[in-house]
Amino acid sequence: MKVILVSPSFNVHTVAPPLGLGYIASVLLNNGHQVEILDPSKEKLSLDEITEIIITKNPDVLGLSILTPRYNTSKELIAKVKEKAPQIKIIVGGAHISALPEISIQDIKADYAAVGEGEYTLLELLEHLQGNRKLEDIPGLIYYQDGIIKSNLRRPNIENLDSIPFPAWHLMDPREYPPMPHQFFFKKYPVAPIMTTRGCPHICSFCAAESIWGRKYRTRSVKNIVDEIELLVTKYGVKEIHIEDDNFTLIKKHALDVCNEIIRRKLDIVWKCPNGVRADSLDDELLAKMKESGCYQLAFGIESGNQEILNSVNKHLDLKIIPEAVRRAKDAGLEVHGFFMIGFPNETFQTAMDTIRFSRSIGLDVANYATLAYLPGSALFREYIKNKKTDSIDWGSINYYTPQATVGLTSDQLKKIQRKALLRFYFSPKVLIGHLFKLKLKQIPYLPKAMF
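Position one of the sequence shown corresponds to residue 22 (our numbering), numbered consecutively onward.
Derived from the structure by calculation, the hints contain no laboratory data.
Note that the structure is a prediction, hence the values are computed from the model and not measured.
Any given hint could be a false lead.
Stated by the list, open to error - Below, in silico cross-link-like pairs of lysine-lysine (DSSO-like), each with a Cα-Cα straight-line distance of 30 Å or less: (1) Lys-237 x Lys-407; (2) Lys-208 x Lys-310; (3) Lys-63 x Lys-23; (4) Lys-171 x Lys-274; (5) Lys-103 x Lys-23; (6) Lys-256 x Lys-287; (7) Lys-209 x Lys-310; (8) Lys-256 x Lys-312; (9) Lys-407 x Lys-130; (10) Lys-256 x Lys-244; (11) Lys-312 x Lys-208; (12) Lys-101 x Lys-78; (13) Lys-341 x Lys-310; (14) Lys-274 x Lys-312; (15) Lys-208 x Lys-78; (16) Lys-171 x Lys-101; (17) Lys-110 x Lys-155; (18) Lys-287 x Lys-208; (19) Lys-103 x Lys-155; (20) Lys-209 x Lys-155; (21) Lys-103 x Lys-208; (22) Lys-105 x Lys-63; (23) Lys-237 x Lys-171; (24) Lys-209 x Lys-171; (25) Lys-274 x Lys-260; (26) Lys-260 x Lys-171; (27) Lys-101 x Lys-65; (28) Lys-110 x Lys-171; (29) Lys-63 x Lys-101; (30) Lys-256 x Lys-351; (31) Lys-65 x Lys-78; (32) Lys-437 x Lys-407.
Could you put the whole structure together from the sequences, leaning on the hints where they help?
The following block contains the structure:
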């Protein structure tokens, strides 16, 4: 069957190959289907332009991977496609859909929804559309039967990650992507993202990763991981790898073995962990091996500079260890990036200022100050819904830059605090000059979009 997979992102500040769609595409291709990936952000396409491309290509199935900030544009895209090409079957998946499947399929007017890991759910749906499988026999699928929404049992997460073929890199060639990777800065180009693990056992109440990956931590084999890196280097000319795991260093042996295999194969790459690792998962041995294998930056998910706030959201991180963890990483020759959030439910002006002061005191090279996003699938979202006085939610406002008022602070106050944090950290001459030197000439045209 003919399938188009779309990453419905428009006018975003990060443009990178959509790994999730790449994995789905590879499974479908291996089973004889015709697949294309469309990435509007890479191609600089408008909503109307991507609609016309889909209609002209006339696939049997259109698949969309939807994050909460992209929900509204995804809904609009589906409406446009349904109006002009109602014969195209539409399936939606991704983090937002996995968290709110029944509500979403009804509201967004899709034909099907996939919950959790979607590689084999979509494959089996295609088998159904070819007359070879019953809908009720497809785990993880939400669908309509006689006008009524039916929800099948959730599909068990894939235990053997090596059983999934590598992403279909020929459909999302890293060389064709603009220099706007995750966290924007990089050392070498082209850049390619990879995932070496799925799942996270931690229970941070602001995180929604469980809705797709679950809590069980699963790893690919070291050979499988480094084979993919070697493929990216030799076939696609990739010079920098971004490990996008939720927690690459959770199991020290896994991280060490990956580093050792990169060294053994003498792969000429640099790499970093832009998605964050826990500061309490590192020691000098691992940091040294990461550096030796080409790592130049890691990010710590610190979240708040106030211990009571961290405790309230089940972060289970002792702030006292952070300064030493930063020092160790920098002594190993690594840049250190810190992630912080402002606007937790019990946030006050004082606790927010604690975060600003803490972030400036520990020697970070980079700091990111997001406002709390009540992501569907997180415990905080469930509390948010309970306390909300209306059933209406503007999904476009659920992001890291549109603050939601807390019991102690208005949204305007939170925005001012966020701005203050950024100004205090980055308008130090040392930090500002350091970032200017990191900037590549090819990135300058993209700088306004990355900043605003």
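Cross-check of the supplied hints:
| no. | hint | result |
| --- | --- | --- |
| 1 | Lys-237 x Lys-407 | holds (28 Å) |
| 2 | Lys-208 x Lys-310 | holds (19 Å) |
| 3 | Lys-63 x Lys-23 | holds (22 Å) |
| 4 | Lys-171 x Lys-274 | violated (43 Å) |
| 5 | Lys-103 x Lys-23 | holds (17 Å) |
| 6 | Lys-256 x Lys-287 | holds (16 Å) |
| 7 | Lys-209 x Lys-310 | holds (20 Å) |
| 8 | Lys-256 x Lys-312 | holds (25 Å) |
| 9 | Lys-407 x Lys-130 | holds (25 Å) |
| 10 | Lys-256 x Lys-244 | holds (17 Å) |
| 11 | Lys-312 x Lys-208 | holds (14 Å) |
| 12 | Lys-101 x Lys-78 | holds (15 Å) |
| 13 | Lys-341 x Lys-310 | holds (25 Å) |
| 14 | Lys-274 x Lys-312 | holds (16 Å) |
| 15 | Lys-208 x Lys-78 | violated (38 Å) |
| 16 | Lys-171 x Lys-101 | holds (25 Å) |
| 17 | Lys-110 x Lys-155 | holds (16 Å) |
| 18 | Lys-287 x Lys-208 | holds (19 Å) |
| 19 | Lys-103 x Lys-155 | holds (24 Å) |
| 20 | Lys-209 x Lys-155 | violated (48 Å) |
| 21 | Lys-103 x Lys-208 | violated (43 Å) |
| 22 | Lys-105 x Lys-63 | holds (24 Å) |
| 23 | Lys-237 x Lys-171 | holds (27 Å) |
| 24 | Lys-209 x Lys-171 | violated (48 Å) |
| 25 | Lys-274 x Lys-260 | holds (25 Å) |
| 26 | Lys-260 x Lys-171 | violated (46 Å) |
| 27 | Lys-101 x Lys-65 | holds (19 Å) |
| 28 | Lys-110 x Lys-171 | holds (17 Å) |
| 29 | Lys-63 x Lys-101 | holds (21 Å) |
| 30 | Lys-256 x Lys-351 | violated (33 Å) |
| 31 | Lys-65 x Lys-78 | holds (18 Å) |
| 32 | Lys-437 x Lys-407 | holds (27 Å) |
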